[in-house]
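Add chain P to chain X, keeping to what the hints say.
These protein sequence lines are chains X and P, in that order. Just so you know, we're using UniProt numbering here: the first sequence kicks off at 1 and counts up by one. Just so you know, we're using UniProt numbering here: the second sequence kicks off at 1 and counts up by one.
Simulated from the structure, these hints should not be mistaken for lab results. Take the hints with a grain of salt, since some may be wrong.
[Claimed, not checked] Quick list of in silico lysine-lysine cross-link-like pairs, DSS-like style, CA-CA up to 25 Å:
no.	chain 1	residue 1	chain 2	residue 2
1	X	144	P	69
2	P	70	X	144
3	P	70	P	113
4	P	70	X	158
[As the list claims (entries may be wrong)] Pair ranges (Cβ atoms, derived):
no.	chain 1	residue 1	chain 2	residue 2	range
5	P	127	X	214	54 to 60 Å
6	X	199	P	77	46 to 52 Å
7	X	203	P	285	45 to 51 Å
8	X	145	P	309	37 to 43 Å
9	X	188	P	177	52 to 58 Å
10	P	307	X	203	38 to 44 Å
These numbers come from a predicted model, not from an experiment. Positions of the beta carbon are idealized from the N, C-alpha and C atoms, including for glycine.
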Amino acid sequence: MTIIRNHQEAQSEHQGKYNNLPNNMACSHEEEHKKDHSSHIDQLLHGNPNLWRGCDMAGQGFHGQSTGFSQLDDILPGRGWPDKGLMEIITPHWGMGELQLLIPLMRSIVEQGKWILWISPPYLLYAPALVQAGINTEQILVVKLDTSCKDALWSMEKALQTENCGLVLAWQNWLPSKVLRRLQLAADTGGTLGVLFKHHVSEYSPSPTRLKIEDYSGEGHFNESRITLLKARGNFRPLTAQVNLYQQA
Amino acid sequence: MEDPDEAARPSLQASPDKLTSQVVWLPHDSGPAPPAANTAISTNGHGANNLWYALYFPQLAELGTVQQKKHLNELAGLMQCVSSTISFHPLALICEIRSSLKYFTSIDVIHNKLQQSLKTQLEEWGLVSDFLYAASPTITGSLLLARSGHNTLVYQKDNLRSALGELPTEVLELDKEQNRRLHNMGIRYLKDIWRLPSDGLRKRFGSSFVNQLSKALGKAPEPTINYLPPPAFNTAYELPYEIENLDRLLPIADEMLAQLCDFLQRRDLSTSHLLFSLSHEKRSPTKVEIGLRQSSRSQKHLMLLLETHFNKLIIPAPIIAIKIDVRNFDAFFGYSDSLLEKSEPATRQYNDSNLDRFIEQLQARLGENHVKGIDSVAEHCPEHASQLFDLDNLSEIKENRNKIPERITENLRPFWLLQNPVQLTLRKGRLYHRRRISIVSGPERIETYWWSGVNVRRDYYVAREANGSRLWIYREKTAEKNWYLHGVFS
Chain X
1 MTIIRNHQEA
11 QSEHQGKYNN
21 LPNNMACSHE
31 EEHKKDHSSH
41 IDQLLHGNPN
51 LWRGCDMAGQ
61 GFHGQSTGFS
71 QLDDILPGRG
81 WPDKGLMEII
91 TPHWGMGELQ
101 LLIPLMRSIV
111 EQGKWILWIS
121 PPYLLYAPAL
131 VQAGINTEQI
141 LVVKLDTSCK
151 DALWSMEKAL
161 QTENCGLVLA
171 WQNWLPSKVL
181 RRLQLAADTG
191 GTLGVLFKHH
201 VSEYSPSPTR
211 LKIEDYSGEG
221 HFNESRITLL
231 KARGNFRPLT
241 AQVNLYQQA
Chain P
1 MEDPDEAARP
11 SLQASPDKLT
21 SQVVWLPHDS
31 GPAPPAANTA
41 ISTNGHGANN
51 LWYALYFPQL
61 AELGTVQQKK
71 HLNELAGLMQ
81 CVSSTISFHP
91 LALICEIRSS
101 LKYFTSIDVI
111 HNKLQQSLKT
121 QLEEWGLVSD
131 FLYAASPTIT
141 GSLLLARSGH
151 NTLVYQKDNL
161 RSALGELPTE
171 VLELDKEQNR
181 RLHNMGIRYL
191 KDIWRLPSDG
201 LRKRFGSSFV
211 NQLSKALGKA
221 PEPTINYLPP
231 PAFNTAYELP
241 YEIENLDRLL
251 PIADEMLAQL
261 CDFLQRRDLS
271 TSHLLFSLSH
281 EKRSPTKVEI
291 GLRQSSRSQK
301 HLMLLLETHF
311 NKLIIPAPII
321 AIKIDVRNFD
331 AFFGYSDSLL
341 EKSEPATRQY
351 NDSNLDRFIE
361 QLQARLGENH
371 VKGIDSVAEH
381 CPEHASQLFD
391 LDNLSEIKEN
401 RNKIPERITE
411 NLRPFWLLQN
421 PVQLTLRKGR
431 LYHRRRISIV
441 SGPERIETYW
451 WSGVNVRRDY
461 YVAREANGSR
471 LWIYREKTAE
481 KNWYLHGVFS
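Just chain X, with the same shape it has in the complex (with noise of 0.2 Å):
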């Protein structure tokens, strides 16, 4: 279970190198005010996603809601799933650990009294999985999955603008850009979370996060899927790790 991070320890020996600059030129008072103020930047830096910093975020921060699993806490910008916007998640086929991956958050958001609505999930949604999740299932609302595209669309949009709505799943395969803005800027006025689920990698997606799981067990890593971060608000290369989805099994 190791991170591939080589980036990380280049970007650190680039610090290090401007860090001895104003240490050396700094007068002794100064630097007393200095260590004091660079604790309010800290916490401006880490707790405010938008902030850019012309560095890469990943594993740093707190303003994420953490994903459960800590080997992709440590890939993520804010060390957590983003509290809002539109989220994708790529995998071959249905069935990859795709909805493993987000019952901590599902729990937290039904915990804080939000609801979580299911627009037409691709078989029928079984509740005593959930039920096994720990999550409530009074709050969960379905749409079925005989209901047009559009119509879909249109409901995903209304739910992201609803902040009663914590999260938004939908499984939806090719999307316009378009569309993709348009369910973006939903989820920013509302405060909510979208995830699309889709089987295809589209490369110029205007999705601020998008995730890729693959199959990785095999040679000796039973279980084992590799996630790989393709895009996130502080990322700037894709980044990956292997997580076990399947931990009750």
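Showing chain P alone in chain X's frame:
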């Protein structure tokens, strides 16, 4: 009042022909009421001199509650032609007709007028077109008379007691236990109840029972749930002189939007689709449609949108009139801030009425069967252990919220269940779906329904397909011992 088709009408609690002899036929009340009393009616709406005409639709009982509400609402719309006060009751509509009696000259005219339109509407829905009716000075009284199938007319309050006394106790629609108790006390008709002291009745049957009876006799106030016609708004303004410059039109449009926003505020609505028509002399009007993604009732916002539309609009001729039509009304989504910041627990923070409206909106667009809640059922057979239910109203769900959660097996269950299990292929001792399948854990034996003839005997396994997906498969133990895919862990 005559009964037009006695035989065709479904007999409800009592057989009508047995009761025809008991129909209370009272003479017309002597002349019009004094003017002083009339003003009293118009001021409080439930004056002593009202006459309530109840229509009871037993055929609606077989429909769902949402459907019932919808139908009653539409029927109430048809009843608007005879009365301005229409109240909703379970399976019944009750309207005030004393105020329009003089105009229609007699109650028979009102009845015939209603019967025509209501019958055609009911037939259109494929329901039995007959309904039961009665009129009396109290709402509950009329409702009880209508339920009994008497089709009675009682003009004066003094006669109500004896008229209601003839009714069997079933019309009160009590619960089983109360019915049993009444029966054991030897009470068959309401007149038997009149003889009993109300204190004792209150003790034995609760205050709602006594209340219902005193309401029927006009001794207690009766609240109504009034029908509100669907909102409609349009306003027009004819200009005193022709205008060519659209900027000159803005102050007038602003005034009209102020009217609109005032209307929306009073009805607690917002709008998402407006139509402006600018009329010209001898030409078809120029139409400006304004669609809003998020419905609004802010005058400023609508004005801003109109201005931007006007900026790029080229008019073919001078404008002589301007008109606003609202094409679409939406519920207004309000936000309530707490007085003390974050003093409430997080679970209370989200306004439930907003959610109610959101669900309504979803149901309106997608259809009622497309938005569902989900719940687990204590059932051994996997395909019956989960159910989707209609979200008729949220309050019902909230009542159930405090119930003890059903016990769920400790064996792992998948998130996805296949509606129809897919048979897996077995080749050279290996299982295949799309790729090769290897078993991770199991078996879990599920045996059930042996008593009903459909014997369910299965061994469930958690399996893993070679491409990484995790499946829930089972092997039939009964017939050919085939393997099936039943669920997908996700």
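Results for each hint:
1. 144(X) <-> 69(P): The given pair, whose Cα atoms are some 24 Å apart, holds under the 25 Å limit.
2. 70(P) <-> 144(X): holds (23 Å)
3. 70(P) <-> 113(P): Roughly 22 Å between the alpha carbons, so the hint for residue 70(P) and residue 113(P) holds.
4. 70(P) <-> 158(X): holds (24 Å)
5. 127(P) <-> 214(X): 54 to 60 Å: holds (57 Å)
6. 199(X) <-> 77(P): 46 to 52 Å: Roughly 49 Å apart at Cβ, these two residues keep to the hinted range, so it holds.
7. 203(X) <-> 285(P): 45 to 51 Å: holds (48 Å)
8. 145(X) <-> 309(P): 37 to 43 Å: 39 Å Cβ-Cβ, so the 37 to 43 Å window holds.
9. 188(X) <-> 177(P): 52 to 58 Å: The hint (52 to 58 Å, Cβ to Cβ) holds, given that residue 188(X) and residue 177(P) are roughly 55 Å apart.
10. 307(P) <-> 203(X): 38 to 44 Å: Because 40 Å falls inside the window, the suggested range holds.
This entry satisfies every hint, going by the numbered hints stated previously.
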